[in-house]
Amino acid sequence: MKSKKSKVSAFNKWGYIFLIPFIVVYSVFQLIPLLNTIYNSFFENYRAGLTQIGPNFVGLKNFGDLFAKPKIWKYFGNTMIMWVMGFVPQILVSLLLGAWFSDNRLRLKAAGFFKTVIYLPNLIMASAFSMLFFTLFSGGGPINSILMDLGILSQPYQFMSNTGSARGLIALINFLMWFGNTTILLMAGMMGIDTSLYEAAEVDGANSRQKFFRVTLPLLKPILIYVMITSLIGGLQMFDVPQIFTNGTGDPANTTMTLIMYLNKHLFSRNLGAGGALSVFLFVLTGILSIIVFKLSDFKLEDD
Amino acid sequence: MAQNIHIDYNVKGENKNSIHRRRAVAYVVLSLLTFLCLFWFYVLIINATRSSSAIQGGFSPLPGGYLLKNWSTLVHGSLPIWNGLANSLIISICSAALCTYFSAMTAYAIHVYRFAGRKFIATFILAVMMIPTQVTALGFLELLRVIHLDKDSMLPLIIPAIAAPATFFYMKQYLDSALPLEIVEAARIDGSGELRTYNTIVMPIVKPAIAVQAIFTFVSSWNNYFTPALILKADNKKTLPILIAQLRSADYLKFDMGQVYVMIAFSILPVVVIYLILSKYIVGGIAAGSVKG
Chain A
289 MKSKKSKVSA
299 FNKWGYIFLI
309 PFIVVYSVFQ
319 LIPLLNTIYN
329 SFFENYRAGL
339 TQIGPNFVGL
349 KNFGDLFAKP
359 KIWKYFGNTM
369 IMWVMGFVPQ
379 ILVSLLLGAW
389 FSDNRLRLKA
399 AGFFKTVIYL
409 PNLIMASAFS
419 MLFFTLFSGG
429 GPINSILMDL
439 GILSQPYQFM
449 SNTGSARGLI
459 ALINFLMWFG
469 NTTILLMAGM
479 MGIDTSLYEA
489 AEVDGANSRQ
499 KFFRVTLPLL
509 KPILIYVMIT
519 SLIGGLQMFD
529 VPQIFTNGTG
539 DPANTTMTLI
549 MYLNKHLFSR
559 NLGAGGALSV
569 FLFVLTGILS
579 IIVFKLSDFK
589 LEDD
Chain B
311 MAQNIHIDYN
321 VKGENKNSIH
331 RRRAVAYVVL
341 SLLTFLCLFW
351 FYVLIINATR
361 SSSAIQGGFS
371 PLPGGYLLKN
381 WSTLVHGSLP
391 IWNGLANSLI
401 ISICSAALCT
411 YFSAMTAYAI
421 HVYRFAGRKF
431 IATFILAVMM
441 IPTQVTALGF
451 LELLRVIHLD
461 KDSMLPLIIP
471 AIAAPATFFY
481 MKQYLDSALP
491 LEIVEAARID
501 GSGELRTYNT
511 IVMPIVKPAI
521 AVQAIFTFVS
531 SWNNYFTPAL
541 ILKADNKKTL
551 PILIAQLRSA
561 DYLKFDMGQV
571 YVMIAFSILP
581 VVVIYLILSK
591 YIVGGIAAGS
601 VKG
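Chains as they are written, first to last, in the working numbering: chain A, 289 to 592; chain B, 311 to 603.
Just so you know, these hints were derived from the structure itself, not from any lab.
Please read these numbers as outputs of a predicted model, since none were measured by experiment.
Where hints are given, some of them may not hold.
Claimed, not checked - Calculated lysine-lysine pairs in the DSS-like style (CA-CA distance at most 27 Å, straight line): (1) K326(B) / K499(A); (2) K553(A) / K547(B); (3) K517(B) / K590(B); (4) K499(A) / K397(A); (5) K564(B) / K553(A); (6) K461(B) / K553(A); (7) K543(B) / K553(A); (8) K564(B) / K397(A); (9) K301(A) / K517(B); (10) K429(B) / K583(A); (11) K326(B) / K397(A).
With the rest of the complex left out, here is chain B (with noise of 0.2 Å):
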């Protein structure tokens, strides 16, 4: 008896000193990987605040005087930022809109009705989820010239939203555990047609499904550099992207390295404060969107 006491105490002190050591492990590791993250932003920053030829001159830990003049050389240079920030800007949108209220509408049909084919089609939608655009690229490309979408034109780049089959999925999750069919039901009783109940009923029911993925689909479109790049070719079309991609071409070493850091700043800070303000929904709804295994 008074052996077993020993012994547990042994193992109680044990793993309290295991714990100690593995939480200064854990400390030590998230540390580091947190500076692995941060550095080159911080590099970005700074850089950005100094002239080219201090940049040039050197690295320097501390932020200079020039972030100012450095957006101005950037505002007058040849990339047409304000357009290149609109363009994103409404792509983006509309494809954040389109998607996420098409793809609820989608998943509210396999949800509340019972007709043929409805498995059919649920599980085509999901079996195709994962093919990535690249590889229908060309057939894409090929049909924007036969309706003569292929040069300049925004549409391609945001029509296609409505079909989302990730965002589908994600959506027919969260209906499952957040639209009792009851609910459509009073709403037929009360005389709503289906379209009123879905807009003004269902709507407001998925509002912070629509909110996550609208925020992912936002992000997505706001970085995308592949299609974009094959479609946008006049100057005042292009998207940040693209303009990033054109500081990197063959004349990079013509560039004023206070604007190319700027110019990166300025391309990523409008997703990086959207993080920010909504990490907690945004950290949330990423393991809840992927299949479960």
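Okay, chain A solo, but in the shape it has when bound (with noise of 0.2 Å):
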């Protein structure tokens, strides 16, 4: 009995030796970059024309300097302002076509290809995505001539130079880029409701809006809550698209500039300082934020 006890316990140190891979690269790859990202957001460092300037330790002054700064909070508005005007109709039109999908009475034909279509731009290269609408919508691009042809528009419209236009491209990439998998999301979601539920809710009456708001809305809000954190912590690491569609300008007057946008700035200049107060300060957000999709989730560990 003791025999085969050790013998078990000395399988299982395969465990750690299985772990090894993920271990060592996970620190040397993620942790000692984050402990090294906050340590240098408490120093000065960066360049000055020809100068380097620091590293000197200044405490939390490249914190202070971030928060006083307006830009920082103009950035912050801009990246939320853009995630909303994505994420408002992209949780709508999912939860639509989700309930669609997921209901057995309405038997809609190509659903499968439907699927395919709207999950098909997710998978796009962000950056090949931007390109193309920034070519697509530029002064002498398809779409003003499509406008322009059809009599909406006598001349061209200038969508990179209107803060609205630009920011609801950006918005409607996104939107594109994510209604589909949001509503994959959802529909399984949706699929796991007890039909034993509806049926019930027929009996007393219910009709289909009612069915909606009263049974799958209530049970579906984990996973709506759920779907919005997660879009938010990508929101907030929004990048490629406005990056590539203003050229990293955040034109027009940097009102679609993303805080990653202002943080990649400072990679490419190396200021060491302002650039790791940045990045803990985005960390933190994004910390938050997990934790509430981690108490969210129910992820258990059998016991032996």
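Combine both chains into one complex, guided by the hints.
Shown next as structure tokens:
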């Protein structure tokens, strides 16, 4: 009996061995960089022209500077506005499509085709997608040409030079890239709802609208929160689309400049103090959001 | 009694009508969304077949005969697209292979073995799943400077794929449902070593999960722009997203428009082809990989 037990625990050391690749790679390429980023946020360390300033320990000065500048709040605002502009239609459309796809009585034909199509944009390279949109919506591009042929416009509309349209197009790309993914997640959640609840609601005379608002939505709440928080985490990382779309300028007048685009500028100019402080700020933000997702997940480890 | 039957009939009839109406609305909305998803790619394909001057002259719904001409302009132009393709392929394929093999291994360690710290590690991996790579990019680049991998090396874009918390999570869920511990015990009785059991018995069992995650890792690595753009500076080391960004550089107008469209089409084509062949598995894999609410 005793020998059997020691034999099993001899096997169990293999658990550590199999974990080595993950732990080593995670520590080297994620954990050490994270600690290094936090460390750098306490130092003044940048180049002014040809002179290297620092590294000098400055305590929390980088954070003070970061939050004192109106820039950071503007970029934070830009990021959130463009996220909301994409997310609101995304969640509404996804709820609608999810309800339709999971409705047995609706029996939509070609549901597989539609799912394939709406998920497709998610896999398209964001930089190629943005470049395509930039070309299509440029002053002499096909969209202006079509709108003028249809008589909707008399002269080309400068989509890139107006805050509303520039943000709107960035949000549209984000919407197109993500609504298919959200639809499939919500649909999976809706399929998991006990059908007897719908039958009971029908017996009580509920119509499909009432069933959706009184049965589906309340039961879907955890998944909706999950989708919202993960989308918000993704929204805070918004970079490829506005970066390519505006060539990194955040035009017009920095109204499409996101937090990560700002971080990217610091990374290129190697302003380690300011970049570090901004990274830590983003880390704390996403960390708080991650904890919410973590609490929502029902990850259970079976015990021995 | 008679009244009851009458009411029943009425409810049924109304439901049938309302289902027809809702179905019609659903098809209209779905068709509009299909248009919204595909229209841009339609214009992309059309314009890739037209000459630069024709494109600037206005839109035409019909393709032109300039595809090969545009293609040859692109191939003989200033963008090193074959290098870009090769670099993108090397990084994406290696990332997908390493990520799936080692994520399954990590999940296997947590699934099969009982050791001190097991629960802590599993919880830790799940907790850090959502942390974006951007927030550690600064320290990542500083680390690469120290180990001299910060200039044009592909390794820092491939090796980190070994530690992929989201893929681990998917693999763990898959193992929970597909790998009973009895199989591992039976292999031990037959005298199979632990690593051999993993490679020859567990790998074939998790093949479907590996396939799904390999596709997702390949695609996200293929599309990745942020980190590669910070590391790959030499023209012949750049990946396709960086070359695309170059098209959008300050001298955008000097590019031949046909070439711009062909380049965009060229860089998204491989993923679209993979997707159209495997869409059933990909769409099925999305919901399974997410955290259950």
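Inset, instruction - Quickly compare the C-alpha distance for K461(B) and K553(A) to 27 Å and report which way the hint goes. - result: holds (18 Å)
Inset, instruction - With a cut-off of 27 Å on the C-alpha distance, tell me whether K543(B) and K553(A) pass. - result: holds (16 Å)
Legend entry - Satisfaction of hint between K590(B) and K517(B), Cα-Cα up to 27 Å: holds (16 Å)
Inset, instruction - Decide if the proposed pair is consistent with the structure: K499(A) and K397(A), CA atoms, cutoff 27 Å inclusive. - result: It holds: about 22 Å lies between the C-alpha atoms, which stays within 27 Å.
Inset, instruction - Below or equal to 27 Å on CA atoms is what counts here, so check K429(B) against K583(A). - result: Since the Cα atoms of K429(B) and K583(A) sit roughly 16 Å apart, the hinted pair holds (cutoff 27 Å).
Legend entry - Holds or violated: K326(B) to K499(A), with C-alpha atoms at most 27 Å apart: holds (16 Å)
Inset, instruction - Starting from K553(A), check that the Cα of K547(B) is at most 27 Å away, please. - result: holds (22 Å)
Inset, instruction - Please work out if K564(B) and K397(A) have their alpha carbons no farther apart than 27 Å. - result: violated (47 Å)
Legend entry - Straight-line alpha-carbon gap K326(B) to K397(A), limit 27 Å: holds (17 Å)
Inset, instruction - Could you grab the alpha-carbon distance between K564(B) and K553(A) and see if it respects the 27 Å cut-off? - result: Holds - the C-alpha atoms of K553(A) and K564(B) are around 25 Å apart, at most 27 Å.
Legend entry - Straight-line alpha-carbon gap K301(A) to K517(B), limit 27 Å: holds (25 Å)
Hint check: a violation occurs at hint 8 only; the rest are consistent with the structure.
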